[in-house]
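For the protein sequence lines, the chains are A and B, in the order given.
Residues in the first sequence are numbered consecutively from 0, following numbering that gives the first Met the number 0.
Residues in the second sequence are numbered consecutively from 0, following numbering that gives the first Met the number 0.
These aren't lab readings, by the way, just hints derived from the structure by calculation.
One or more hints might be untrue.
What the hints assert, rightly or not - Here are some chain A residues pointing at chain B (derived, C-beta under 10 Å):
| # | residue |
| --- | --- |
| 1 | Asp194 |
| 2 | Arg527 |
| 3 | Phe528 |
| 4 | Ala583 |
| 5 | Val654 |
| 6 | Ile657 |
| 7 | Arg667 |
| 8 | Asn731 |
| 9 | Gly739 |
| 10 | Thr742 |
| 11 | Ala750 |
| 12 | Ala753 |
| 13 | Met754 |
| 14 | Leu759 |
| 15 | Ala760 |
Glycine included, each C-beta is placed from N, C-alpha and C at the ideal position.
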Amino acid sequence: MIALLVLHAVVGLALVAGGRGLGRRCFGVAAVVPFVAFLWTALQTSDVFAGRIPVEQVDWVPRLGLSIDLRLDGFSLLFVLIVTGIGTLVMLYAGRYFSPDRAELHRLAGLLLVFTGAMLGIVVSGNLLFLFVAWEITSITSYLLIGWNDEDPKARASALQALLTTGAGGLAMLGGFVLIGQSAGTYDLLALAADPPTGTLVHVGLLLVLLGAFTKSAQFPFSAWLPGAMVAPTPVSAFLHSATMVEAGVYVIARFAPIFAVQGSWRPVVLTVGLVTMLTGGVRALRQHDLKRILAYGTISQLGFMVVLFGAGIPEATEAGVVLLFAHALFKAGLFLVVGVIDHEAHTRDIRALGRYGPGWAGPRLVAVVSAASMAGIPLMFGFIAKESAYTAWVHGEIFGSRVVLAGIVVGSVLTFAYTARLLLGAFRPGIPTEGLPEDPAVAIEAPPAPAVSFWLPAAVLGAVTLVLGVVPGLVSEFVEVATLSIDPSSEPTHLTLWHGFNAALVLSGVTVLLGVALTAAGPVVARFQQRLPRPLYGDVGYLGVIRGMNAVAKRTTGVVQSGSLPVYIGVILLTAVVVPGWALVQAPMPDLPPLTSGPGDWAAAALLVVGGIAAVVVRHRMAAVLCLGAVGYGMALVFVLQGAPDLALTQVCVDTIGAVIFVLVLRHLPTWFVERPTMTGRTFRLVVSALVGMFVFAFTIMAGYVRVDPSVSQAFLDRALSDGGGRNVVNVVLVDIRGFDTMGEITVLAVAAMGVYALARLSRRESRTERSFSPAPRRKPEREREESRP
Amino acid sequence: MRRSLILDVVVRLVFHSALLLGVFLLFTGHNRVGGGFVGGLVIGAAVALRYVAGGIDEVREALPVRPWTLLGAGMVTATMTALVPLLFGYQLMDHAKLDSDLGPFGVLHLNTALFFDVGVCLVVVGMVLLLLVAFGERLPLFGAPWKLRSGEDQ
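Just chain B, same shape as in the assembly (with noise of 0.2 Å):
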């Protein structure tokens, strides 16, 4: 496949910052602009970058896990943030909250809803994931030759 340089380059540059950017996001959703859904998005968009910079092998190197790992993962971690509360005898999807003063750093608001938002967030990442790989690996309708991987079924 023929790569830009520049593209490849200016990728790598933000798709870090991009990561950052939408946990950032995730963590600060509940004060501020943001959430899991939009953090998700970001970092969804990200790896779309990695994809549109060096394809679907490019995808697989950033984000080493599989697609349904995340949607799991996300479905499990909302799921079980709703149930725990029930274990201590309060209602289904409760939150507790925690704010700790750390002196010059500031006041720390902690949030069990938090758990639901990162729950959230794998679940966008991991459809975003299924989508690039559903779509994305290389297709023979393309029309552009390669060679199959070894030992690929074909």
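This is chain A alone, in the form it adopts within the complex (with noise of 0.2 Å):
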């Protein structure tokens, strides 16, 4: 398994990095790999239904508990199946899609391999933490796929909208799986499975959790970003928008749930959120007129269908979810690739504008219509099996609430089958049938073309195989049972068949389908009521409140911060060192005081020190002042050399002597005066700093020498230095050998300082040279003119 997510990285990156001259057949190529791991994985399947599963381990990181954990159980099996079998028919269908011609097809064919192997790793990780790695590669991939036509704005704006929201949902997934991990002591989800944790915060974590899945799977309040990742090429909506990535975050509800729907407040969050998304996404698909929208509604819709399936941890509702699971990525992929198809003959997918058809269009019809009716739970299709399965499971639910979520899953079902009904009239009869308006003759186009057999035909696999599972679910059981087994060993999955008999989720089919065609034949009554109501919260509202808002805090903050007024910035900085260490120097007790002198010497030292120190601030003229503040670095010299520190001594001159030379080199530009006009309080608040900040260090150094708690290191510096750093000279052994980073960390510094203060003094030149020639572009002037001025 881990062959075959390097293999699905390696090809995809070569592909970006080295793929520009094989234009359109980078599909070809890309579309070999999850062919291969689609066959791999067909191979296992066996071991897989026997029990024996395969499983492969790799240490990352130890200390960290971090390893890759490759488990492919029923699952798994079932997940990869379908991402690797349609990631190769829309590697396929993406060779025909796109027109030979079309630049940076290898970045788009190799980006969607990189995916496809991240999402491979989030399916049979049995790691929590690889599993979030590969969760954090799929949205960057999803956001440099969306994004991919870079010279358009609003794609540019739609990536970085999925990213924001997907991105913050992975953090906060991230921190819930820390915090349920730390509890549990592990990140491997049998263990976790096997021994759960418990606790408020693993109560919280969960909730993190599902923040995570929820902005994955775009539920609401953050659906918005799914409909805005449609300017996307179809082949990647169809793959990542609909089949794949987007349930990524039901596949990590659907292994949680049996094992924590009990705890906290999951099951209530759970269901709430799924079922308000489904039925926002139906009303909200029943106002679109983009194909590739009301697909992107109905996808969000649908994923709440499949939220209110897993999250609820009901060993019924699980296998009803899996087989929807399995019935959407077939349906919703199919009629991606049919709307795909419209739109590239017929150049728009408005269904105001389409509705004439030529000959050579009846196969793309059918196919349509045949996902269209497994989308709205038509029976012998394979959708229905999942609607009848899922109405089964809430008829005999037990749990607080079974009623209202039964109902609930019933309203979105018909409101699935009225914007089925949308899509597929609005796409194949002219004008708005469902909202009784008539072709719009400034929008109709000519019928397209046909299209060829070998375009469509990935969709039509697709198709027949919805069709076939529709008539023989049989064929599929076993995988279905195993899959749920495998998220929920105590559930004892039933045998799918087309026919239950006569019962309760068949009258409530019946009545979804009879309510269905009477929303969609009120279609103008219920346009004109949508018309009225006032535009709801959805979420995009809500993201642009949110980056608006944090921009504007931002701007704010930046304004208060960064005042540019180097006096504010030193005394905020000077306050802060007095302040906060000042406060434990007020309440540590009182040292003894030190002896005032060590000999005669310290007075002159001291003399030094103090006469230079108020000399510098009383004197106005600017170079005295940095004479005199020579002066004081000589008397610490002095002091150095007094207290037996030759080598301390040694540098505070060379530092001094370098330091006086450069002062006078910066003094050049500055006048020779100090020119001080500031206010009183200006002045007070000045000497009030400088004053606090003189006693503090004073206090700070006679404190921090004499009231020591721990030992000293110090003693273990002298012991190891000749035996461990080979040098009798402490300081230096310490420097390169001890404390070696912290010196390499300091040259760095030092260095880039250096840069800095040389680019800021060659920028200050460039303007004063501006200034003084008055020509408003000093950096060349024109060559007639320079010979003139040259004497």
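Hints are included, so try docking the two chains, each in its own frame, into the full complex.
This is the structure in structure tokens:
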């Protein structure tokens, strides 16, 4: 398995890096990789059914408990087959979808492959942390794929919205994983299931995980990014944003629900969010005119449905969820591919314009009808089996609120029927029959040319599978049963059949279809009703509000914090230095004061320091002030010498000497005299700050030297300098060996600061030159003028 | 530029001794007073003296290297010293030492930490040089009349 993941990543990156010359044929190359994965996984089927689960493990960062645990159990098997199967078909389809001379196709193909590998990583990972890594890779590749057409500002904005939404959710999920993993002491999914942790921390962690899953699966109120993501090319939408990536959130919920559904507020949160998403998504789909946006809102609605089924943690509902996941991937990818064919030939996806087709469209139309029927839950389609199982599960449901959930999913399914009808009639009948509007002559288009058979063949394959499995669901019954068992070992999955007898679920299905037909027939009324509804808060508004709010806060914070005034900056830094450690200082016990002097030399040094310090403040001549500062430095050096630290003294003298020279150079740019006109308050403030700092430093030095609690590290340094560091100069051994890493950082800072100073000096020079020459463009004078000005 | 003859001569006399002192401090640093930082500062001070005596051209003549070359070389030397032990299976920044008896000249202590010190020293010298170049080039604002070097962009 690990080899397959690596293969996806390597081939994908290779295509991105060097596939430019291949053009459209990249997709042919790319299709091979998921197909190999599909075949390999299919060969494992009998093993998995027999309970021999393929496992691979590689230690990654053992100290963090981070290992790559790959397990191909029943649910993973089903998911891998869906991802790789649809992946192969989408690659083949993309090879026909794009025109051969389209640039940057290698990037698209490569990113799709990398994404496929990451998606497989999510579903076969047995370790939460590795799952998170793969999860983030899908977010990033999704961002790059949505923004693939990087010249389109709308694509970039949508890509960013998707990344911010799913990325924020991903971070929340990481927090959740860590909380749960630390409470349980393991990040292994199997170990978590065997011994689930409990407690408040785990409840918070679960909510965070749900936040991540909801953003990824575009649940209310985080749905807004998914319709936006439809600016991506149709193969990307079909693959990422209907069949695979958005189901990653559902996948995590499915894995967690049997373990944690009974804990905290998991069940109420999941069921509420899922139902609200299912209903709002359905209602919004009924307002759209763009085929892809109808499908996008439909996807949101169906994802809500899946969240309800998987999130409950009830074995029967879980099985229904597995069937729905399978069915949805098939029919939604098929519908997207057909919409892509229409878009490609007719150059529009607007249902107000579409409707007339020439000969040769019977095939795509049939595929669309089959897939749509499956989505609407018409008998003999696979989607019908899924909906039937869902109804059965909730009719039998024994948890609190089962009836509400049942009513919710029936209403949701009615809406699904209605938007499916809107999609189908809108695409294949002139005008908007569902709203009773006649064809708009202004936008109506000529009948598009017939598409090539090989173009819509991948869609036809998906449609055929939908139909076959709808009639003979027993073919995949074992897949579903094993998948359900691997999600929830306590479940007793039933065999899938078309006919369950005359029961409540069948009646509800009939009611759904009848109500759906009625809703479609009442289209004009619904449309008018929707016109009057206020534009509800669907997340677009929320997303924009959050982004704008953050910008506003950032702007205001920057305005306050970065005032641009040097005295303010220095004042803040100094006051912080006084207040924070000063607080500890006040609370510390008063030490015994050290002796005032240790010899007559101290008096000399002190005199030099005091006189130099006072003079530096008092003199008005800049150069004199600098020299006074230098005197203070030499006074310090004298103190070092007297205290027996010749190397410190040497360094101090050198630093002061060079400092004085550099100061002199800088002072040439400044006025000779200090010009000071601060206000009375300003002057008082400065005085107070400097007095505080002075007293603080004095007190701190005394305290620090005399209130030691723990033994000094110096002794260890002294002991180990010669034996470990091989040097007698302890200071130097500390610098280059014991704390060599610090020195490394310091010289880096030194180098960077020097370059910064150089750049600033050059910059100011260029500005002054501009002023001097009064020319608007001082960089380079015209040739003739330069000749003249040369002496 | 007006140049003081006495200062000029004295600086030329002191310059090489100061350079030697800096190198000495650098090499002796591991066992006695000194080290890469002080060594670099002494060399830098020597260069600054040349500047005081003869301006930036004199500095260029004394140290015909571009400052960022020194900075880069110093960083590379220090980083390599830190990284090379990894190649031989040691920890980052592990140092090897070697004592060899040179008979009448005493015992030679060699330590790979010296290379790290050399890197530090180069960075310090590079920084001083860079500051001198940044602020010390003849400036229009200074008011003194001078000629442009031919070909220099105005």
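How the hints compare with the structure:
| no. | hint | verdict |
| --- | --- | --- |
| 1 | Asp194 | 38 Å, violated |
| 2 | Arg527 | 72 Å, violated |
| 3 | Phe528 | 70 Å, violated |
| 4 | Ala583 | 31 Å, violated |
| 5 | Val654 | 6 Å, holds |
| 6 | Ile657 | 5 Å, holds |
| 7 | Arg667 | 6 Å, holds |
| 8 | Asn731 | 4 Å, holds |
| 9 | Gly739 | 5 Å, holds |
| 10 | Thr742 | 6 Å, holds |
| 11 | Ala750 | 5 Å, holds |
| 12 | Ala753 | 4 Å, holds |
| 13 | Met754 | 7 Å, holds |
| 14 | Leu759 | 8 Å, holds |
| 15 | Ala760 | 4 Å, holds |
Violated hints for the displayed structure, listed by number in ascending order: 1, 2, 3, 4.
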